[in-house]
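Engineer: Take these sequences, add in the hints, and give me the full structure.
First to last, the protein sequences are chains V and H. Residue 109 in the working numbering is what sits at position 118 of the first sequence, and the numbering runs on without skipping anything. Residue 116 in the working numbering is what sits at position 125 of the second sequence, and the numbering runs on without skipping anything.
Some hints could be false.
The list treats identical chains as one, so a pair stands whether inside a single copy or across any two.
[Said to hold, decoys possible] Derived DSS-like pairs (lysine-lysine); straight-line CA-CA distance at most 25 Å: (1) K27 to K58; (2) K79 to K27; (3) K79 to K58; (4) K86 to K13; (5) K58 to K151; (6) K41 to K27; (7) K86 to K127; (8) K13 to K79; (9) K127 to K58; (10) K13 to K127; (11) K41 to K127; (12) K58 to K41; (13) K41 to K13; (14) K86 to K58; (15) K86 to K27; (16) K79 to K41.
Don't read these hints as lab results, they were simulated from the structure. Small disclaimer: the values here were computed from a predicted structure and weren't measured.
The residues making up each chain are set out below.
Number of protein chains: 2
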Amino acid sequence: MYEGAIQDLIDELGRLPGVGPKSAQRIAFHILQSDKVDVNRLAGALTRVKEQVRFCDTCFNVAESEKCRICRDPRRTDELICVVEEPKDVIAIEKTGEFRGRYHVLGGAINPLDGIGPDQLRIRDLMTRLAGGTVKEIILATDPNTEGEATATYLALLIKPMGLSVTRLASGLPVGGDLEYADEITLGRAFEGRRAV
Amino acid sequence: MYEGAIQDLIDELGRLPGVGPKSAQRIAFHILQSDKVDVNRLAGALTRVKEQVRFCDTCFNVAESEKCRICRDPRRTDELICVVEEPKDVIAIEKTGEFRGRYHVLGGAINPLDGIGPDQLRIRDLMTRLAGGTVKEIILATDPNTEGEATATYLALLIKPMGLSVTRLASGLPVGGDLEYADEITLGRAFEGRRAV
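Structural biologist: Rendered as structure tokens:
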């Protein structure tokens, strides 16, 4: 509908996840009215991400060198590995401040419908890490949905015979939530996992 | 929270209108996993908008040369001018296919709280266009909100003494809507503007 460059930008923005046609148009006009310096900074950040960001050789978290910040940290224990699906899960767990071990980022979850089996994930690399003998416990922190549960079950079957302790994050009621608004499955899990007080 | 370039991108994306921290993170990881060609195309579209897009010398719509596509079109009549707030309003009206005259983009609406008075808008330029004598009718198509109504009233007072026909877009019930869900002011306007059938 627009002429040349502004329409190109609207089209490109509209391809981003969660950006619909109206948002794309709104962002494009915001860009048109922004300072050239700010726009160049955004354009530079986009290209730099593709040039500089890579994945950690050990845990496959995002990194800017061979090892990510967490794998480089000497104060963390090598005896605990927390297995997650994506780099953003690492950030979520880091924010809790509860975990002082290392991570292993699978790069997704088993999902046969999307053609993602164990070979498409970093599972072989995880086995190599475990074969080293330093690790004592594996915490399976994949998402509490069908794909995440399937992945956790698969990993547990694979790792348990190695004699390691394998745990899964607790499912239950979210803290600060209302019991009334919890779905049946979550509430059922909360009953199953009830603890003595 | 992330290292270097990916965090820079999340920060930059988070400054765009309508993009919150979660969306910024989601888009950044999408970019990280996209083809380099696609990312460069987006970065290029961003910088090109600032380099190539300008405003039409006549109507102040977005353009890539001195005159926009609409002002260049010889099949449109010069006797009708539709006054709108923003370039996106031009697109909205063009989509109806109902209007074959020219436009005038004010660049906003009168809003004293934001320091936007008549001098911050393209009102002087509109008066110069009208002084030419070709224009017969002015359609005030500013938004049907407080600022848009104030701007329309201001313009009507300015233009009517020139002996031109000044009209305003009809307010009323949206087509395909439910009477029950219309707000009182819209429903009131629909009564005011009722027509013989």
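Engineer: Confirm or reject each hint.
Structural biologist: Results for each hint:
no., hint, in the structure
1, K27 to K58, "between (35 Å within a copy, 23 Å between copies)"
2, K79 to K27, "between (31 Å within a copy, 21 Å between copies)"
3, K79 to K58, "within (17 Å within a copy, 47 Å between copies)"
4, K86 to K13, "between (33 Å within a copy, 15 Å between copies)"
5, K58 to K151, "neither (27 Å within a copy, 72 Å between copies)"
6, K41 to K27, "both (22 Å within a copy, 7 Å between copies)"
7, K86 to K127, "within (23 Å within a copy, 65 Å between copies)"
8, K13 to K79, "between (27 Å within a copy, 10 Å between copies)"
9, K127 to K58, "within (21 Å within a copy, 71 Å between copies)"
10, K13 to K127, "neither (51 Å within a copy, 34 Å between copies)"
11, K41 to K127, "neither (36 Å within a copy, 56 Å between copies)"
12, K58 to K41, "within (17 Å within a copy, 38 Å between copies)"
13, K41 to K13, "between (27 Å within a copy, 20 Å between copies)"
14, K86 to K58, "within (20 Å within a copy, 53 Å between copies)"
15, K86 to K27, "neither (35 Å within a copy, 31 Å between copies)"
16, K79 to K41, "within (17 Å within a copy, 33 Å between copies)"
In terms of the numbered hints stated before, the structure departs from hints 5, 10, 11, 15, listed from lowest to highest.
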